[in-house]
Amino acid sequence: MPTFAPAALARTSAALALAAALAGCGNDPNPAPLRRARADGRPWIVSYRALGDDPRSLDPQVSYDTLGHAVISLLYDTPLEYQPFRTDPYELQPCLLDAMPERTRDARGGDLYTLRLKRGLKFTDDPCFAATAGRGREIVAADLAYAFQRIADPAVECPVLSVLQEPLPGLGEAYAAAKKTGRFDYDRPIAGVEIVDRYTLRLRLAKPYPQILYWLAMPFTAPVPREAVEYYDGKPHGGSAREQFRFHPVGTGAFRLAEWRRGRLLRLERHPGYAATRFPTDGWSAAEEARFRPLAGKPLPLIDEIQFSIIRESIPRWLLFRQGWLDSSGVSKDVFGSVLDAARELTPAFRARGFHLHRDANPATFYLVFNMTDPILGKNRKLRQAIACAYDRDLANEIFFNGIFLNAEQIVPPGVFGHQADLKSPWLRHDLALARRLLAEAGWPEGRDPATGRPLELTLDTTVDDPESRQMAEFEKGQIEQLGIRVRVIENLWARQQDKVDGGHFQIVTGGWQADYPDPENFFMLFAGRNAPPRGSNHSRYANPEFDRLFDQMRVMDNTPERRRIVRRLSAILNEDCPVVLLTHPVAYALNQPWAPRVTSNPLVANAAKYVAVDTAMRDRLRREWNRAPTWPAWAAAGALVALVAGAFLWSARHDA
Amino acid sequence: MMRDYLFRRLLSAIPILIGVMLLTFLLFFVMQTPRAMALRILGPKVPPEAVANWLHHRGYDKPRFLNLRPGERVWDTQFVRHMTALARFDLGRSDATGEPVAAMFRRGMIPSLLITLPVFLVGLCLAVSVALLLVLARESALDFVGALLCVGMMSVPYMAWVIFGQWLMGVKLTWFPAFGFDLAGLGTTRFLVLPVALAVLAGLGADVRLYRAIFLEEIRQDYVRTARAKGASARRVLFVHVLKNGMISLATLVVASLPFLIMGSLVLESFFGIPGLGNLMMNAIRTSDFAVVRASVWLGSLLYLGGLLLTDLAYALVDPRVRFQ
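Protein sequences, first through last, are from chains A and B. Mind the numbering: the first sequence is residues 792 to 1448 in the working numbering, read in order. Mind the numbering: the second sequence is residues 30 to 354 in the working numbering, read in order.
For reference, chain A alone in the conformation it holds in the complex (with noise of 0.2 Å):
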């Protein structure tokens, strides 16, 4: 039989229908849970989260970028982590340790670190494990020793391993002599790691560098299990290739990889036995007290199963958590004017859904920076304050950041030690009439060489990833050229600008350092001389003998009231010089659902989930109550499919002469 048209229309609706009805229609896109209740009875409790991409490596010694770490901070514990109350100053408590480490000093004047390893913990059950039949065993020092011998070998490709070989002695030679020899000698230790005992591990810097605590705090020293790295080679063993360890973590942390269907779901599922933290016993407000009491010193994790679902874009990631199926999300630009109101509040449909809202101040800060081996900018520091007195930061925030965002007066961004919050920079208030003086003063007045009455003319580097961007750049154009400068805006990939700011090829350009670690060195050091590219960071290529004195005297201390001092005139010079024109510090919005309160508003905790309880009884009703699915759409539409059908067919017929 021939295709007959109408027969072949009521076919596809009715495969359609059928498909439909198999669907069995509802819109929950997340799977269903590992299972249904725990193994002492009690319900099964999952939270559900988005990524914004699949993570390049969940390797602790390899990934260095936030995605990652927020995957990897959930599969293994560090040494110490961050108190997740405590956010000024942010403040460092043990994790895998027993304890601090404990600081001495050697004759040599180098400093030592014991690191105290808590007893019993262990890994999570896994094959690799064949002498005790798969069960996780115990952590102990050689593990966190080995976690740095993987820092120093070269086919790890540890991205910090130049940061560390400076104090750490020996992470450097062991590196050298794996690239001799092409391999590492694992057997060999490391000079600065000394296994103390089976519980104990001894750092010997060469030189002070307190810094090191917070690298115990991030995953590069997280202990890894050699018996996974050596099974999980990605290589194939009796017939089966076996995974890379970069995606198969056999980690200490809270939570174990359950599954991974790249580019759609991540799923971790709770480490059974991990008893490594509890919840916090204080160090929340007073206005806390009440919801956090009860849980303090509880067992952690309190939810069983996270599935992070990979959303790459941010209008189907809101989507999904205003109809429940997320329990978290941050407010991205598109939907920033249906969420809040003109006071920045939710506005009335979202508050009555219950949403809590968050502004999350990021330890990051934003500038412009001037190319300080330019001829023109480099040499004339009057020109640099005028160029920074006629920017309307305020304005900007309005404009881009939906005036949430800090206006920056200091490099140090405000919980880190030694930000001043009353501190005003001179030339950063926004006053035009000075910023013509300071430009007449420099040599250039009402923007033009005097000699030639030719104006200024300066270029302006920016990345064009996206149509904000260029906008921003035309704005920064325009506040430059309020002062009968000429501007032109170079526009670059993202990549290409990566080259030309290493290069030294532009004369001001965007930039912006997000905090490593809360310590001021990690912003400072963006200015000391000797980190000029393609060395370090120091994009604007300042070199001030008395800021680099007055910085190394301040990288090795304590945070005491004599570091602070350093740290403010630090701040001083810094501002006094004008480098970057300081712009702002980042704040973010996010929403939880009512169900799943956030606990944590520190952004240094990459593994919060770990504290998070989910009202799972209110979460089921709330979302039944959201996604009700009309029914009389679903007759109208199979009615007008069935009128269509019969319609064509009595056409056909009648025409069929």
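Keep in mind that the hints were calculated from the coordinates and are not lab data. The reader is advised that the hints may include incorrect statements.
Unchecked claim - Here are the in silico distance ranges between beta carbons for each label pair:
1. Asp-844/A x Asp-105/B: 33 to 41 Å
2. Gly-100/B x Pro-1325/A: 21 to 29 Å
3. Lys-273/B x Leu-1441/A: 23 to 31 Å
Glycine included, C-beta positions come from ideal geometry on N, C-alpha and C.
Model the placement of chain B on the given structure of chain A, informed by the hints.
Only chain B this time, still in chain A's reference frame:
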């Protein structure tokens, strides 16, 4: 005859493939240097030594086209390395994750086919049926309304279909997930219905217009008049004679698109979060993963050349007037 023809075609494919790969290579590294690519993948804070290591391990520190370094072979260059690996069908490992690209492709193929195959089949059947119906009703009010609707549907941008569909079916009516994908037997269907339906609808207008034109061309042929004179009904003439002959033109159009079903749909996959090959490619471009980009382009070019060849073969097979030369 046919063997010679095939041989000639395959031979001519070689310079085309080399040209395509050369262009891809040039375009990719004109936009960014390998060092910038490494920074993008490793993160902007990674120190220069780590970047240099990364580049060295992947051969990105070799000269691009000609190696004039003393003591090294002239052809030991990035481009030659890439081409020889691809010629051996060694797709290599992803620059971003180190995962074998072949494994990534194998994983992405199923979700892509689950979307493109139904879209192709349902779309084809529906468009042919509607086109025939309109031909049957030619020059009537129904034909006019049909043409109007088709042009209307063609005028709506693809993105608008997708966004409106997600909003209506996923948000307002809550019948289907607005986003997501799960490879779970029959349960997968509920993630497929909406994207498939939207893709079919988005393509229907243009397809119906095209097929209608093809069938209208046929209906003016002599054999149609003969059949009608012999007493065959209008419906029979259309659905037997015209459809069969119209299939010749249709086949050439359809066969060319077959190989591309594997490559998935860029827009649908990224809007619905379907982890197929389209999504993989988009993401590789976004994250500067050259290994995946070059393998995708390689595969795409092979499929395209295969599609063209298939079209020619199909044309000759269904139409006895066409001969290989």
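Could you tell me which of the numbered hints above are not met by this structure, giving the numbers in increasing order?
-> none
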